[in-house]
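Sequence order for the protein chains is B and C.
Just so we're aligned, residue 1 is where the first sequence starts under the working numbering, counting upward by one.
Just so we're aligned, residue 1 is where the second sequence starts under the working numbering, counting upward by one.
Where hints are given, some of them may not hold.
Stated by the list, open to error - Some, not all, of what chain B presents toward chain C, calculated at C-beta under 8 Å: (1) 14; (2) 169; (3) 173; (4) 174; (5) 180.
Hints were generated in silico from the structure; no laboratory data involved.
Don't be surprised by glycine CBs; every beta carbon is placed ideally from N, CA and C.
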Amino acid sequence: MSLMPLFFYLFSVLALASAVLVIVAKNPVHSVMFLIFAFFNAAGLFILLGAEFLAMVLVIVYVGAVAVLFLFVVMMLDVDFAELKSGFVKNAPVGLLVGGIVLAELALLFLAQDLGVSGQSVEAVADGIAAATAPVLPGEGLTGGAPVAGEVLTNTEALGRILYTKYAFFFEVAGLVLLVAMIGAIVLTLRHKDGVRRQSIAEQVARDPKTSLEVIKVAPGGAVIPTGDDAP
Amino acid sequence: MFEGPQSFAPIIPEIILAIGAMVLLMYGAFRAPSENLGRDVGWFAILLFALTLGYLVLQPASSSFLFHDAFVVDRFARFMKVLVLVGASVALLLSFDYFARAKLMWFEIPVLMVLAVVGMMVMISSNDLITLYVGLELQSLALYVLAAIRRNDLRSSEAGLKYFVLGALSSGMLLYGMSMIYGFAGATGFQKIATAASAGDAGANIGLIIGLVFLLVGLAFKISAVPFHMWTPDVYEGAPTPVTAFFAGAPKVAAMALLVRVLVQAFPGNVSEWQQIIVFLSIMSMLIGAFAAIGQTNIKRLMAYSSIGHIGFALVGLASGSNDGLEAVVIYLAIYMVMTLGAFACILAMRRKDGMVESIDQLAGLSQSNLSMAFLFAMLLFSMAGIPPLAGFFAKFYVFAAAVKAELYPLAVIGVIASVVAAFYYLRIIKVMFFDEASEPFQPAEPYVRFVMWAAGVFVLAYVVVPAPLIDAASAAVRSLRFAPTP
């Protein structure tokens, strides 16, 4: 257990450092890379907290989708980042003010806890959450996967048990929503053009060395004259 | 069928449509593209709607709760789903020739409509905040795409984008309200929220009411009640006309049904709180719907304001909070949908050799070139204005009667004034059609368009003779809404 604080500080420091680097990096692509690194460290922090599902979602959604989207935007759009950053010094006081307020609020929160103002200690709240979430698991109905007393469930398992039983209907309709989103994106943007070279997987799979390779005996000092598709 | 603690029988309509949409998508994607592909898929979609409708009508009358009370199927839900299915089928039927002429009859259009209908049906059946949200998003997302489906047309893209951005904003409001409600009630199920709202102390109740206000803002966006109506005229004008016909019918009905269910089932003990909000929304919608429409020259924009006004009238019934009022809302929605679809069929028939026309002036002298269309359109407009023997009169009559019974006299008086003002612009169109100098005649309307026009006309005229089926169904639907489940 003594390793936990070590990892905590490791992930925190790296997350903070890469967060700072996101905004100071000159090259926007590097910024996005640091952002991804910050996400990974935050995921590490989640794992330390025992929230492995959140960690996975963070990596899959933020790194896998959002950060890649940022990369696309950064690389494809011609944004003048130097100009964007020119107001940095002018706007810095506002940013510092907002940051200061957030810091003060956090400090107040901790102070209030020490003074017992909130009425509940952190441990009590955590126990309350644990007690509230434990009996949610549906034992009845479709799966029969009732939790055995004393069985320790991971977050993922607990979510899975409830998502595919009690909330199966919402899950299915959400799937339909995604289907509509996909159809919509394709209908509104796909344009059939003539002369576009499309990938034909069947054709690619059907290729074999016999039809695609040609062995040519080259006489010493001779030249290879290209034939067929490769002809210039 | 399904053995086990719960049977999936009540949710089979949604399952049919969802699987059907996926099958149609695969069929469309893997079949060789051809001229008729979109139309074939469209007919299959109408067949799916018909199948679902048949199943819904034949289901037993009891209420059932599924998925840990997240999904409810009662007579109210079934009635509203039938309305939605009819609205979607008719809009799809109207779209065939329009999109074929615009070379836009993609198979994705019917598929998206089917998925939107699934979303609406989930909304109507929602008995839990999460169901409400996923249904609403499924529906809205499909509608955003449909609004922008003429992607090379600037106005259509603008309509889609505007609808999307404002819709996302309203979803944000809705979610914020839902998080407040969940935080203060400790549950997402409507019945549990109702228990918490009636049992909670005053402090918790304030949190719930704030949540309710945000929830209402989000839903008011979807039914385009003033002051959350800004998107409506632009989206109605920019979207392709059959898509607008779809927007004006089914989604409004679904969102109203959702609003009714949330207020009546999740907040039955807070009538005095939500009544004020609904009264305000209702008065504003009626007035803006009436006055802003006067200056419009584009018939689709005019229909947008007209639909804003109609939602205001329907809200009058909801504001009364009584069973009579809710019954009036249900009947109003049914009649509104038929009138709107009929009117849009007429708008789709406004076609010259060089394309569609949307200006009201173009209707000049229609009575001389095409008397039957002019007559039908005039009748539908008279009905919308609320002229006595037609269905629209009864729709308005029921909501005002409910308001008077609930002693909401100012609301009823303002409603009558607004409907008189609204009558002016409906009558103006009729005057243009019958008394102005004739302009070039329209191309003959397609058979489906003509069929919808006539069907709507017959309904509007026949309602006075046989009102009983609709009234009976509506009152049964509302009674099922008041039934408190025992979870």
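Structure-based check of all given hints:
no. : hint : in the structure
1   : 14   : 33 Å, violated
2   : 169  : 4 Å, holds
3   : 173  : 4 Å, holds
4   : 174  : 6 Å, holds
5   : 180  : 5 Å, holds
Going through the hint list in order, the structure does not satisfy hint 1, though it satisfies all others.
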